[in-house]
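**Student:** Combine both chains into one complex, guided by the hints.
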Amino acid sequence: MKEFIKIENVYYKYYDNSDNFALKGIDLTINKGEFIAVVGHNGCGKSTLSKLLNSIFIPTTGTITVDGIDTKNDDKLFEIRKKVGLVLQNPDNQIVAGIVEEDVAFGCENLGFRPQEIRERVDYALKAVDMYDYRLHSPEKLSGGQKQRVAIAGIIAMKPECIVLDEPTAMLDPKGRDEVLNTIRELNKKLGITIVLITHYMEETILADKIVMMNDGAIMLSGTPKEFFSDVELLKRYRLDVPQVTELCYKLKGCGYELPDSVLDEHECVEALYKLLSNYNELL
Amino acid sequence: MSIIKAENITLMYGAGTSFEKTALDNVSFEIEKGEFTGIIGHTGSGKSTLVQLLNGLMKPDKGCIYLDEKNIWKKPKQIRNVRFRVGLVFQYPEHQLFEETVYKDIAFGPKNMGLEEDEIDRRVRQASEFAGLKEDKLMLSPFDLSGGEKRRAAIAGVIAMDPEVLILDEPTAGLDPLGRDALLSGIEDYHRSRNKTIILVSHNMEDVARYCEKVLVMSHGKKILHDTTESVFTRSDILEQNGLRVPQIMKVMSELKQKGINVDTSIMTVDKAFIEIINLLSDK
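Chain order of the listed sequences is A and B.
Mapping of the first sequence onto our numbering: residues 1 to 284, in sequence order.
Mapping of the second sequence onto our numbering: residues 1 to 284, in sequence order.
Chain B extracted, bound-state conformation (with noise of 0.2 Å):
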């Protein structure tokens, strides 16, 4: 069953004006539960536009959102339940913390959402743990944090409010290869371990193929492909056209391919790639 469904959704910026832009354009998709999703595109593709839509901070000029079947803007204002449910973690979103301790920011949205103090705490707690943010940070004024624990509260904050989608714009720009690591680790438990739907936004197409099931591009406010990561990863020519790039490792198996060595091209990762080479070599 998906639990996010869009239906030709088109949203114009600036509309009636010279400036008339047209961020997305008649996109239709379905996500289905306990799904991990990538969507990728070029800059101005229209992907932070569309996750906003998702949890309704913004509504499509036309076309429909169906969160669980129901149409997210059927009841307007009930639009905040559609936020708890769907949380959505914005391009640097350690620019948003602002209580005194990291506590208090992370227990911001479950304290709004109404919840006892008992409850409020134990999500607090399993947040950071989920976030990957320690124990003992808690107690301290957010801006004391590095860069990437900032990032790990901020992230912490909207999983507390256990929404049943995650949605994450670029949650790894800036952050290092072991902050990028742990953060998208934490993310990957959260989705096994709860069955959660996630949906990642991401510039980086080796983490998009190592942690994502199915992926969505965008090019020019189009949907031009969904599918699951390794077909749209073996549309190499699609994603050059539209400005993104297949993974390294991807690259050298069409090569090695088309120089008449008989390797699958669908692999991405560096482990699968080893055992591939590995089986050519031993099976001589």
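Excised from the complex, chain A in its bound form (with noise of 0.2 Å):
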């Protein structure tokens, strides 16, 4: 897979004359097409390094590149910004028009695109976030699943190669976050785009490719799914959550009981419990 985002050897600090330093020496590599998951407490440095990766920050030291571009060249900015989009918690702060359509052709019109050029944009991001039969509603009459999908419908009209999520689902009810989710895993899947979520939802999680977790402006841990979710404990002394089916076949296994490593979703839990108990009834 070819490179698209380098971080390498990144510190960044907030004010010039502290010593407070929010990131601390990150060194993280986003192939294109990827879908990253990025987890830690509050505090930790998540969002800091969302705001990075497209130029909001600039590293205090160290480099990070986009598709080869350096996030300090100022005459690139723009660049940049067309090709890693970012997506905030709440849709209410980032909806700016009266009309879905409209709110969603906000960043294409900035972009100065011709208006049959932003009216194509439009239609093909409401069409992949599946909020074309809304075009002309108001914003403020949607559900909460339903405006974070016009948010991420503004980000996909710029047509971006990546899309930075940051915590997308916090204020979403479960049938919200299922949307999102689902939006998010389709764009990355059909359409190709590079992911970066960060979530507080471990369920969210299973669903990348990698895991990455931050501890105090650092890289503490990354892998697939299957390695970040394999030892319970260590996850656990950092204080994250795990996925409730996780946890509890990583207890019984803990007992010795023959399960496979690193249970993620139910299917896979239901599938195995029901095994272990045939197997039990079937010695007796």
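Hints may contain errors.
Here are the simulated lysine-lysine pairs, PhoX-like style, with alpha carbons at most 25 Å apart [claimed, not checked]: (1) LYS21/B to LYS175/A; (2) LYS251/B to LYS226/A; (3) LYS236/A to LYS251/B; (4) LYS275/A to LYS257/B; (5) LYS253/A to LYS259/B; (6) LYS272/B to LYS236/A; (7) LYS21/B to LYS59/B; (8) LYS210/A to LYS6/A; (9) LYS272/B to LYS251/A; (10) LYS253/A to LYS222/B; (11) LYS257/B to LYS251/A; (12) LYS222/B to LYS251/A; (13) LYS259/B to LYS275/A; (14) LYS59/B to LYS175/A.
What follows is a list of derived Cβ distance ranges for each label pair [claimed, not checked]: (15) LYS236/A to GLU32/B: 34 to 40 Å; (16) LYS127/A to THR10/B: 35 to 41 Å; (17) THR60/A to LYS59/B: 52 to 58 Å; (18) LYS82/A to LYS77/B: 56 to 62 Å; (19) LYS82/A to GLY34/B: 55 to 61 Å; (20) LYS236/A to PHE84/B: 49 to 55 Å; (21) ARG239/A to ILE275/B: 22 to 28 Å; (22) ASN279/B to ARG239/A: 27 to 33 Å.
One-sided excerpt, in silico: chain B residues whose CB lies under 7 Å from chain A [stated by the list, open to error]: (23) MET113; (24) GLY148; (25) ALA173; (26) ASP176; (27) GLY179; (28) ARG245; (29) LYS251; (30) GLU255; (31) ILE261; (32) ALA273; (33) PHE274; (34) LEU281; (35) SER282.
Worth flagging that the hints you see were computed from the coordinates, not collected in a lab.
Since this is a predicted model, take the numbers as computed values, not measurements.
Backbone N, C-alpha and C fix where the C-beta goes; we use that ideal spot for every residue, glycine too.
**Tutor:** Right, here's the structure in full:
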């Protein structure tokens, strides 16, 4: 896979005269088309990192390149922002217009596309997040999940190569969360958009190709979901959550029962427990 | 004896305009003294509106709300007392911190109640402890706290008024697992040790299953269910129709049951599921 974002030994502090670094030596390569989930406590530097990915912040030391362009390069600022779009936690803070399609068009208008091009991009984006039928609605009347999908469409319309989402589901109800996650997964699988998803919900990370855990400004752990959730004790020591099914199977396995490593979803858990319980029945 | 009783309450937003919307539609329920109740429902189901009615921030268009069997709007001039007795923590309460120090911010409520200095001091310290805020933070500016600490300071400010009923509207949105557990177990302590009535509005079904004794389900402004937590979560059909979900473990249990394994399908937590499965395995 081709390298897309390359973060090399990045340190970042908010105030020049402070000794307090929010990021302390981050090294991370994100490949094109990859889906990365970033987890960690409040204050661990996740959101700071997300803002460094599209040049809202510039590393204090170290380098970040997006598709080969250094994010320090002021002349290429718009090019970087076109490549990497950012979606934030609260959809209400990101919606600017009174009609869904106007809101989605906002980014493209600022990029100076012709009206016909904007029309095409807006329709494409709304279809990608499955909100085309709502294009003439007022965003005010939409549910949380729908609003967040409109916010994502606004980014899609700019046809970015990568979307960074900073806790996009924190304020949503369970259905809204499912909608947004399905959308993210489709964008990744069907359109090949690189995804960086920052979240506190561990159930959401199992969709990713790779999970990265941050602690106190540094990357502590990373791996595929299977690798990442294999040591439940370690994750608990960092006071991270584990999906309920993963924890249950881990505990049973700890008692010597035969179960697969890192069970991640409900289906897998049901199958494993069913096998375990029915084997016991046969023995008797 | 019920501490809070809602009788046929209806509330409209924008009544008489073309934007008229029924936020609450003929809702009735009773909450017993000392109960820990969860309120769940999709975004826009009326949860936040409902809790604002319970402490007299809004007045229902129809119907009555009783606190200790007294209609709270009988003497509108004394509604302030209702607000001292029914403490409401809004969504994102940290946005409402305003004093110079954390101490002063927490003391603001008790001060307005006209309490003596000594009593105010006692309450500020006790409330901070329940909210999990360390003593050395009290003299800092609220803006020097981390996100999780700010949230705790804001909650301490409500607990300091020693309300009989404490209502929290999505207190854990955006908090990391560590912060979420600390906050909820602090609230549970407050509930147990002081026999306080707690109402928790949440989108997190696992949290509701773990902490709440009763659950009230709202959908499109109507009350759909109000029962013990176990019975509410056994109605997965109704919950799913209304944009909600059941905790992961419960889903696994009911699928195992469908496959012919005799498990208790009212189990919602990892610990209980673990014991259930160990028992099944050792019974044989």
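**Student:** Does each hint fit the structure? Answer for all of them.
**Tutor:** Here's how the hints hold up against the structure:
no.	hint	in the structure
1	LYS21/B to LYS175/A	holds (22 Å)
2	LYS251/B to LYS226/A	holds (22 Å)
3	LYS236/A to LYS251/B	holds (23 Å)
4	LYS275/A to LYS257/B	holds (13 Å)
5	LYS253/A to LYS259/B	holds (22 Å)
6	LYS272/B to LYS236/A	holds (19 Å)
7	LYS21/B to LYS59/B	holds (16 Å)
8	LYS210/A to LYS6/A	holds (15 Å)
9	LYS272/B to LYS251/A	holds (12 Å)
10	LYS253/A to LYS222/B	violated (44 Å)
11	LYS257/B to LYS251/A	holds (21 Å)
12	LYS222/B to LYS251/A	violated (41 Å)
13	LYS259/B to LYS275/A	holds (11 Å)
14	LYS59/B to LYS175/A	violated (30 Å)
15	LYS236/A to GLU32/B: 34 to 40 Å	holds (35 Å)
16	LYS127/A to THR10/B: 35 to 41 Å	holds (39 Å)
17	THR60/A to LYS59/B: 52 to 58 Å	holds (53 Å)
18	LYS82/A to LYS77/B: 56 to 62 Å	holds (59 Å)
19	LYS82/A to GLY34/B: 55 to 61 Å	holds (57 Å)
20	LYS236/A to PHE84/B: 49 to 55 Å	violated (40 Å)
21	ARG239/A to ILE275/B: 22 to 28 Å	holds (24 Å)
22	ASN279/B to ARG239/A: 27 to 33 Å	holds (29 Å)
23	MET113	violated (32 Å)
24	GLY148	holds (5 Å)
25	ALA173	holds (5 Å)
26	ASP176	holds (4 Å)
27	GLY179	holds (6 Å)
28	ARG245	holds (4 Å)
29	LYS251	holds (5 Å)
30	GLU255	holds (4 Å)
31	ILE261	holds (5 Å)
32	ALA273	holds (5 Å)
33	PHE274	holds (5 Å)
34	LEU281	holds (6 Å)
35	SER282	violated (9 Å)
Of the numbered hints listed earlier, those contradicted by the structure are 10, 12, 14, 20, 23 and 35.
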